[in-house]
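Peer 1: In order, the protein sequences belong to chains A and B. Here this note's numbering is used: position 197 in the first sequence is 204, and no number is missing along the way. Here this note's numbering is used: position 39 in the second sequence is 40, and no number is missing along the way.
Some clues are possibly wrong.
[What the hints assert, rightly or not] Cross-link-like lysine-lysine pairs, in silico, DSS-like; alpha carbons within 30 angstroms at most:
no.: 1; chain 1: B; residue 1: K20; chain 2: A; residue 2: K121
no.: 2; chain 1: B; residue 1: K20; chain 2: A; residue 2: K60
no.: 3; chain 1: B; residue 1: K73; chain 2: A; residue 2: K119
In case anyone wonders, no lab produced these hints; they're calculated from the structure.
So the chains spell out like this:
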Amino acid sequence: MNSPDSWILASSWLDRLIEAVRSPSYNLKVIYLGVTSLGLAAGVCGCFLLFRKRSLLSDTIGHSTLPGVCIAFLLYARWGSGGKSFIALMIGALITGWLSVRAVQWIKNNSKIKEDAALAIPLTVLYGLGVVLLSVVQDSNLNLQGSSGLEYYLFGMVASMIQAEAIMLAVVSLGALTVISLFFKELNCLSFDEDFVASQGLPHRWLDEVLMLTCLTVTIAGLQTVGLLMIMAAFIIPPATARLWTDSMPWTLAIAGFVGATGALIGAIASAVIFRLPAGAAIILASALLFGFSMLFGSRKGWVVRQLKVARLEKRLSENQLLRDLFDRLEAQQKVRLLAGLDFSSDLARVSLPVHDILKDRDWSQRKERSVARSLSRQNLLKFKRGDFVRLTTQGLERAIEVARTHRLTELYLIEHADVAPARVHQYVEKIEEITGPEIASDIHQLFSNELEQALIPAEPHRGGDTS
Amino acid sequence: MPDSNCLNVKHLTVCYDRKPALWEAQVSIPQGTMTGIVGPNGAGKSTFLKAILDLIPATSGSVKFFGEDYRKVRHRIAYVPQRESVDWDYPISAREVVVMGRYRSIGLFRRVSREDRRKADEALDRVGMLDRADNQIGSLSGGQQQRVFLARALVQEADLYLMDEPFAGIDATTERVILELMRDLRESGASLVCVHHDLPTVADYFDHLVLLNLRVVASGAMNDVFTREQLTQCYGGRLELLSKLADSLAKLEALRS
Numbered sequence: 008m009n010s011p012d013s014w015i016l017a018s019s020w021l022d023r024l025i026e027a028v029r030s031p032s033y034n035l036k037v038i039y040l041g042v043t044s045l046g047l048a049a050g051v052c053g054c055f056l057l058f059r060k061r062s063l064l065s066d067t068i069g070h071s072t073l074p075g076v077c078i079a080f081l082l083y084a085r086w087g088s089g090g091k092s093f094i095a096l097m098i099g100a101l102i103t104g105w106l107s108v109r110a111v112q113w114i115k116n117n118s119k120i121k122e123d124a125a126l127a128i129p130l131t132v133l134y135g136l137g138v139v140l141l142s143v144v145q146d147s148n149l150n151l152q153g154s155s156g157l158e159y160y161l162f163g164m165v166a167s168m169i170q171a172e173a174i175m176l177a178v179v180s181l182g183a184l185t186v187i188s189l190f191f192k193e194l195n196c197l198s199f200d201e202d203f204v205a206s207q208g209l210p211h212r213w214l215d216e217v218l219m220l221t222c223l224t225v226t227i228a229g230l231q232t233v234g235l236l237m238i239m240a241a242f243i244i245p246p247a248t249a250r251l252w253t254d255s256m257p258w259t260l261a262i263a264g265f266v267g268a269t270g271a272l273i274g275a276i277a278s279a280v281i282f283r284l285p286a287g288a289a290i291i292l293a294s295a296l297l298f299g300f301s302m303l304f305g306s307r308k309g310w311v312v313r314q315l316k317v318a319r320l321e322k323r324l325s326e327n328q329l330l331r332d333l334f335d336r337l338e339a340q341q342k343v344r345l346l347a348g349l350d351f352s353s354d355l356a357r358v359s360l361p362v363h364d365i366l367k368d369r370d371w372s373q374r375k376e377r378s379v380a381r382s383l384s385r386q387n388l389l390k391f392k393r394g395d396f397v398r399l400t401t402q403g404l405e406r407a408i409e410v411a412r413t414h415r416l417t418e419l420y421l422i423e424h425a426d427v428a429p430a431r432v433h434q435y436v437e438k439i440e441e442i443t444g445p446e447i448a449s450d451i452h453q454l455f456s457n458e459l460e461q462a463l464i465p466a467e468p469h470r471g472g473d474t475s
Numbered sequence: 002m003p004d005s006n007c008l009n010v011k012h013l014t015v016c017y018d019r020k021p022a023l024w025e026a027q028v029s030i031p032q033g034t035m036t037g038i039v040g041p042n043g044a045g046k047s048t049f050l051k052a053i054l055d056l057i058p059a060t061s062g063s064v065k066f067f068g069e070d071y072r073k074v075r076h077r078i079a080y081v082p083q084r085e086s087v088d089w090d091y092p093i094s095a096r097e098v099v100v101m102g103r104y105r106s107i108g109l110f111r112r113v114s115r116e117d118r119r120k121a122d123e124a125l126d127r128v129g130m131l132d133r134a135d136n137q138i139g140s141l142s143g144g145q146q147q148r149v150f151l152a153r154a155l156v157q158e159a160d161l162y163l164m165d166e167p168f169a170g171i172d173a174t175t176e177r178v179i180l181e182l183m184r185d186l187r188e189s190g191a192s193l194v195c196v197h198h199d200l201p202t203v204a205d206y207f208d209h210l211v212l213l214n215l216r217v218v219a220s221g222a223m224n225d226v227f228t229r230e231q232l233t234q235c236y237g238g239r240l241e242l243l244s245k246l247a248d249s250l251a252k253l254e255a256l257r258s
């Protein structure tokens, strides 16, 4: 049983949720505008960071803004009008954030340190400096007005967002999207193949700078909303999610923007409804839910799609195996080698074959035998006779010959050109057949076309007792 | 006076971390030729291409294309980087990659026109990849990816093609397609310079040769350069060892039979 207290809590919680969604107050609307703008811009910018393998740069920038924020606060408290100036803090964050980007490049160019460590050093050093400064700022002896709000910069807070901040976020977002759409062609090329952009004489350094500055601006603008500890997630999760749904860059940008905006909106609502829930954490968790959903159901690389593909592949493989086994049996009964060009249809196709007996060497369940045979019969490649006997149709026989031919030529190829022991070659080919597409098959056919008569099917190379 | 060489390199030196990767390279390549650049691993073959294209800074030396600075004749030169140099997981189709070859002539702030797409399709057709134009590049085989790169160079309609290992790790079909295409290009007056890794085919594929091993060991027409002495010098006797081994193996076979 729930205690009455928690009931009241829960119901007020629900009421607030309904209110936040259906009839948000003016303040809430302001917040929604701010966070969706940020989510959208961060998601889109993040795509370029992701493909340039620079995702962690947003983390470095985020952490490095803390000393800037603190110094700006101290300076403003000393010489400004006191309290907190949102603009001053932004400028402070921008300066140390920008410094960190330069530091990463400098370390990379002037030492043997690799990219990952080059990113980590400014991050930790500047963040450490920031933590020290924060403890100075919040020293109760100094009694600086407004210093208690500074921890919002760590974890994010949307409840206190004012109209000016929301408008700033919207403007920054619009600006970032404009820059990206203006240079989309070049930025796309830069992310794919930087050397090529350089060899074309396009201004690749300048483009890179534009991209970095855009990301820097969006990061700084979003600091107070998402918090500097987690801002990187706003740049990484949406593009990673989008990648699971599409193979086109414009769509990746669109989906990443959508995921970023949606995640931010859901997170902001949660943060508005649940007392003391940091907005940054809520936004990241909401985006992560979208990511998890896409991991499962994404139309390009989602888990379900991949399982379906594997299942389809295995089905085709089993069908080929059955066809090959039927062919082997036919061949054994005829005691002759078959010529594909011969008029085989009339006699051979009429022979009934016991499926179960033929498949006894394979570890197939009865159910699998039935379902594979049924699938072939649906494609009109074989017909069921009485009992478990089947008969190949003309097309079925043609397919079977093709399959057997490719299989044996591949075996021959491996024995002659890859030094695979004849006794083991069969296993090999069974395994690699799933990856040999028609192109490889035709290459192999071509290779042997001189040595064998065009239409001849070689005897199984791994079995002793050559028939010739 | 118009220069009959498509490429003149003088005293080109490149260093990585003060360690020289290329020493005082001197190369002249006449127009309308197919030139192979061969040498052992780490000889500075890719470095050579990248340095003359200004992709990595040279310590010293001068490079002239058609008697001019690279900056002035960029539009006449197409570069095909090594296949491994890009991320093939990138969400882009084969056609979009090829269209990139037109970006410079399209210019900033302008959109890709129908004409550009038509030219891209034409190039894809020439390398036999038109039916895969809409495929994501990661779903293509290595050889097909190489052909897409080649198509991207074709749409630049250049006079000089610089290719970094176009024959590395590709299937027989692609090898044939690329070779035929390169010969067509030469017929139509273009020049080609390829980094190549496979000694046995080099004499069949190219008419000029640059032997590189940190410095230029020899360069010139195939018959003058592709000699045992020069190769031995370039490969530092390793070739000698291989041929000795082959000789002794042949003798052994002869004894047995």
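Peer 1: Now tell me, hint by hint, if it's right for this structure.
Peer 2: Results for each hint:
1. K20/B to K121/A: 19 angstroms, holds
2. K20/B to K60/A: Roughly 28 angstroms between the alpha carbons, so the hint for K20/B and K60/A holds.
3. K73/B to K119/A: 35 angstroms, violated
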